[in-house]
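A.B. asks: Below are the chains, spelled out letter by letter.
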Amino acid sequence: MIAKIKEIFRYKDLIRNLVIRDLKVKYKNSVLGYLWSLVDPLLTALLFIIIFSIIVRLQVENYPVFLLTALLPWGFFQSSLLGAVISISGNSNLIKKVYFPREIFPLSAILSNLINFCLSLLVFVPLILILRVKLSWALLWLPVVIVVQVLLTGGLSLFVAHLNVFFNDIAFLLKFALNLLFYATPIFYPLEMVPQRFLGIYLLNPMAVLVAIYRKVIMNLPLPPLRFVFIAIAISMGIMVGGFIFFHRRENAMVKRV
Amino acid sequence: MSKVIELKDVGIMFRLQEEREATLKESIFNLIRGRYRYKDFWALQGVSSQVEKGETLGIIGENGSGKTTLLKILAGIYQPDEGEVSVRGKISALLELGAGFHEELTGRENIYLNASILGISREKISQVYHRIVEFAELERFIDTPLKNYSSGMKVRLGFAIAAHVDCDILLVDEVLAVGDEAFQGKCYEKIEEMKRRGVTLVFVSHDMNAVRRLCDRVILLHKGRLIERGGSRQVIQRYFLTMSQQRGIVVAEQKPLSLVFHNGRTSLYLDNMELTRAAGLYSSIFAHEIWHDSSQAIWNKEPSPSNEIVVRGKWRRLPVVQHWRLKIEDHRTISWEVDMECLEETSIKEIHLSLLLQDSYTRWFTPFEEGEFSPIDATEVEWIQLNHLSKVGNMVGVRGVKRDTLRLPGITIMLDGNYTSFIPSALNTDFVNNSRVLQFLQVNNPDSTIYRSGRYPIFKGRIIIETE
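Protein chains in written order, with my numbering: chain A, 525 to 782; chain B, 1087 to 1554.
Be a bit skeptical, because a hint or two may be false.
On the chain B side, residues computed to face chain A include the following (Cβ under 7 Å) [unchecked claim]:
no.	residue
1	Ala1161
2	Gln1165
3	Ala1185
4	Leu1199
5	Gly1205
6	Ser1207
7	Arg1208
Below are the SDA-like pairs computed for lysine to any residue, each with C-alpha atoms no more than 25 Å apart in a straight line [claimed, not checked]:
no.	chain 1	residue 1	chain 2	residue 2
8	B	Lys1233	A	Asp546
9	A	Lys550	B	Glu1189
10	B	Lys1488	B	Phe1451
11	B	Lys1276	A	Tyr623
12	B	Lys1233	A	Asn615
13	B	Lys1309	A	Val782
14	A	Lys536	B	Val1173
15	B	Lys1176	A	Met525
For the record, the hints were derived by calculation from the structure and aren't laboratory data.
Bear in mind the structure is a predicted one, so any value in this text is a computation, not a measurement.
Positions of the beta carbon are idealized from the N, C-alpha and C atoms, including for glycine.
This is chain B alone, in the form it adopts within the complex:
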C-alpha cells in the first residue's frame, strides 16, 4: 500500500475583516491610524491524516468545521499556512455544483469547457464524451443551453464529467444530495466501481448513511480541528455527540462516560457507545389523569462544571419546575438529584424517573429477584412490569451483556437512603420505544396528593456502570 495523500499538521488562516476594507482609501486611513481591523481565523489547525491508495476517507463535521476548506487544500486551491500536504496522483474534484459551468452554453459545450477547466485535453474528453452524456441521462438535452437545465440535471452533468475524467484521486463535496434518489444510487455505484479500480476517494458529506456505506475510514472535524478518526461507526457516534453540544444542548463528559441532555431526555454514552435508547434518562409526572413527560417541558441550562449537567425545566401544562443535577462522579458513577418546585398548589398523583436502555440487555435484577426481559413484541403497545412490586429494595439494575462482539456494561440505579417513597422496577416498553426500562416510581396516597407551592427535594440516586 502506498500513501497517496499525506497531511502533516496542516493549518490555514484566513484574515477576516471586521469591516471589509473594500477601498484603498479606508485602508490608507487605517494604516495612518496604525491599525488594521482584522481577525486571524484559523479555519484548520493541526490536521494530520493519511490516505492509502484505493481507500475511501470520509470527512464529517458540522457546517463551518473546515471540511470544504480541507478538500480545497487537497484540490490545490489553497496552500496551507502551516504544515505539509502531499498529494500523489491526478485529482478530479467535484467541489460545487456547476463550478465552471456557463449558463449560456449548451450541455455539450459545457462538457468541453469543464474538461478544459480540469486540465483535460479536447481529444481525451472526446473519447469519453458519449459515456458522460449517457451516464448523465442527458441525450435529449445535450444541445440545450444550461440555463434551461434543472439543478438535478446540472448535478448529473457535473458528476458525470468528474467521474469520467481519468484520475487517481476523486474529491467529492456535498453535491450528490441534490440529485434524485435513483441518480444518487447510480453515483454511489459509479463511486464503488471507481473504488474497485483503485481510485482513492475523499468524501465530504452530511449524509451519515452514505458515509457509513462508502467510507473505510472517517475523520471528524470540529472548529477546524481533527477531533476523532477511525471507523465510520465510532466517528459518526462522536459526530452526533458534538452536534448536540453545538445546538445549545448540555453535555457532561468525564472519560469514559458522557451524558447528553437534550430537552428533558438524557443519553448516556460509554466510550462513545450509547447505552440508552429513545428518551434515555427522563422523568414524568402524573397529574390531571395524564402523564406529563420531562421531554415536554421547557428546559434551561444553568452554569456547571464540565462533568455536570444542571438544568431546570418548566412543565408546560403544570405549574411545576424540576431542577436536575446530573454529575459524573467517577469513571463508573453518575449521581442524579431532582428537586421539584411547585409554583402554586398542585395535585400530583404519581412521579417516576426512568432510564430507557438498549434492548440488547437481557437480564434485570433487584436485591431479591432476578429475571429475563421478555422479547418486545412488534404489536406491544403497553409497558410491561416484570418484577414483583411486593418485594422491593432500594435498587434495580441490568446485567452486563457479552455476546459475540457486543459488550454492554451492567447498569444499576441505587436510591439514596432518605428517599424511600420510590419503588424500583424493571419494565419493557412498547414496541415503538423498544427499550428495557429501569424505573423508580412514587405513588402518592390518594389523600395526600397536594403539593403546596415551594421547592421539594424529591429524588436522589446513583447510576453505576459496571465497566470492566
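Only chain A is shown next, with the shape it has when bound in the complex:
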C-alpha cells in the first residue's frame, strides 16, 4: 500500500493536470467562472432559508450559517462522488492505453472538488462578520474534519468508480442514494430534532456526524456523544482502506472490462 502511495505521488503532475482540466471544463463558457462555487451553495441556501426559515419556521439561530456549514461539506461530498463514479468508465480510452495508477482518476475528481470546497469556505468570512458568529478555538480542528471527510469520500469513490465499469446503473443508483442520504443528514434541520430513540442508528451515518462536527468547529454547537464521533472516524477510515483493497483486488478485471 505504501508502495502504491509512493507511485501515486510520482504521478503528481498528472493529478495536477487532471484537476486543472476538471476545473477548466467545469467553468468553461460561464461568465461567473470560479465564483459559481460560491454562488451555487448560496442560492441553494437562499432557497432553504425561504422554505424553512420563512415558511416552515424552524427555530434555529443564525440559520444561514447553520445551513451553509452543512450544505458546503455536503456539496463537496455529493459532487465528488458523482464526479468519481464516472471517472474510470469515462476515461476508458486512456486507461486501456497507458499504464498509471488508476486511483488517480477518482482521486483527482475528489481533489478538484476539494479545491472548490475550500474556495467556497471563503463565503463564511463575510457571513461570520455580518452575523457576528462567535468563533472558538475549535476552528483549528477544521482541517482534521476535512481529512476525515476526504477519507470517507475517497473510499466510497473507489467503490462506485469501480462498480460503474461493470454496471452503468451505479451512477443512477448513486444519485438516488445521495438523495436519501441528504435527508438522513442534519443539513437543513438541527440534530436535536431527530428522536432520541433513532439517534443510535441515525448517527451511524458518518456524514451526519461529520456535519455535526463542522457545526461544532465553525459555530461551536454541541457535538454528538463522543463515541459516535469515533465510530464515524473509524467507519471513514474503514471505508477508505476497504475501498483501496477492493479496488486493487479487482483492478485487472476492471481494466479488461472498461
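Using the hints provided, position chain B relative to the given structure of chain A.
C.D. replies: Chain B alone, transformed into the frame defined by chain A:
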C-alpha cells in the same frame, strides 16, 4: 547480459459477453436464471520469452493474435491471469497514436500532459522539450491546438515524446506506419540510436521489412500462442505460412515438408524455407490458341487430412475443371494426382504441369542427360528449353545446392508408369518469374484434341525432395 524482460507461461483471459450486460437489471435477471452469458476467451496462453538488455524483440502475428495484448502486459496495463511477468527498468510506451492527447490543448500543453501521463516530472520534460519539438518538426505549430494537426503530425509528436523520455525499455506498437516515409526513416534512426545506448526495444509491426531491419529476435503469435521464435528470417517465413492458412488457403504439413496452395499456385517449403518461386507448382491448358493457367481458375477446397491438399478448380474461360490431390507421403515424397473434368466437349491442344524453383538451382538432369541452367538474362522474355526432347524418360530433376551457407535439396519429379503421354523437360523462365522449371508437357495429336464431357485422370507423379 542481464534479462530485463521475462515472461513465464503468461496467459490472460477476457470474459466476452455474448450480449453485453450493460445494466444491472439484465445482470440480476441472469443471476436469477442462474446463468451468465459469457465466454472465456484466452487472448494469450503459455507465452514464455526473455529479452536481454539492449536487445530488440519483434512481435509479429495476424490481427487478433495477441500482439498488442502482450505489449500491454509488458506496459503494466494488464496483469496476466496465469504465469509471471517481470520487467526491470523504466518503460516508455508508444501504444497508440494520441493516447492521452487532448485535442483542445496546444502541442506544447500536450507535451506536458503526455509527459505527466507517462509519470515524468515537469522539470525533466522541460529539459528535453526543445529536442522533442525539433525532432517532431513542429516548431511552427507548437502553439496550435492539436485538433488542427494532421494525423502524421500527431504521430510525430507522440513518437518524439516517447523517444525522448529517459527509459530503459521502449515499447512500440504499430504506429509508425502513419507517418510519412522521411519521418519513418528518422524514427528508425532514433530507434537505432537508442539501441546503441543500450535501450531494450519491443516492437510490434506488420511491416516485415522494419522487423527484419530492427529486430535481433522475433516471436510469432498465432491465436494467443507463441508458435515460433528465433531469427527474423525464419520467423517471418513461418508468419507468411500461417497468414496464408488464415486466408482460407489450403496448407498441408508433415515435418519437414509443407505445401501451401493458393488459388492454383502451390508453394513448397522444407523446414520453413521456400524451395519454389512465383507460381510454384501449377498447371496450364493450351486451348483456343492461348495458355490458361491454373492460377486463373476458381478454386474450392475439399475436406482432407492435414498432410493432403484436395482442391477443385474451374477454369474461367474453358468448360474445364481440374481436381488436384497433393499428398505429403513421407518426409521426402509428395504425390500429385490431377484429374480433368470436361463439362462439355472441349478441344485442348496441350497441357503442362510445372514446378517453378528458386534460381539458385544450377544443374538439371534427366535419365539420359544432365546440364547447367544458363543464367536468366534481365531481358529474357521467353522460356528457354534446356534438354533435348528427343531423349526423354519418365523423370526430370535438379541437383541439390551446397554453396556457402546456402543449402537447397535436390528435387526430382517422377511420372507414374501409366501416364506416358507427358514429356519431362527442364527450362528457364523469363526474367520476371526468374525461376528454374521442371515441367511435364503433353502435346495432343492435331487430330485428337477433342475431349468429350467426362472425367479423365490425366497425371500422376511424385515429387521427391532429397533431404540429407
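A.B. asks: Each hint needs a verdict: does it hold in this structure or not?
C.D. replies: Each hint, compared with the structure:
1. Ala1161: Check passed: Cβ of Ala1161 of chain B comes within 5 Å of chain A, closer than 7 Å.
2. Gln1165: holds, 4 Å
3. Ala1185: holds, 4 Å
4. Leu1199: holds, 5 Å
5. Gly1205: With a closest approach of 5 Å, the Gly1205 of chain B hint holds.
6. Ser1207: Check passed: Cβ of Ser1207 of chain B comes within 6 Å of chain A, closer than 7 Å.
7. Arg1208: holds, 5 Å
8. B:Lys1233 / A:Asp546: This hinted pair holds, its Cα atoms lying about 19 Å apart.
9. A:Lys550 / B:Glu1189: Distance of about 17 Å is within 25 Å: holds.
10. B:Lys1488 / B:Phe1451: holds, 17 Å
11. B:Lys1276 / A:Tyr623: Roughly 24 Å separates the two Cα atoms, so the pair holds.
12. B:Lys1233 / A:Asn615: holds, 19 Å
13. B:Lys1309 / A:Val782: holds, 23 Å
14. A:Lys536 / B:Val1173: Roughly 23 Å between the alpha carbons, so the hint for Lys536 of chain A and Val1173 of chain B holds.
15. B:Lys1176 / A:Met525: holds, 21 Å
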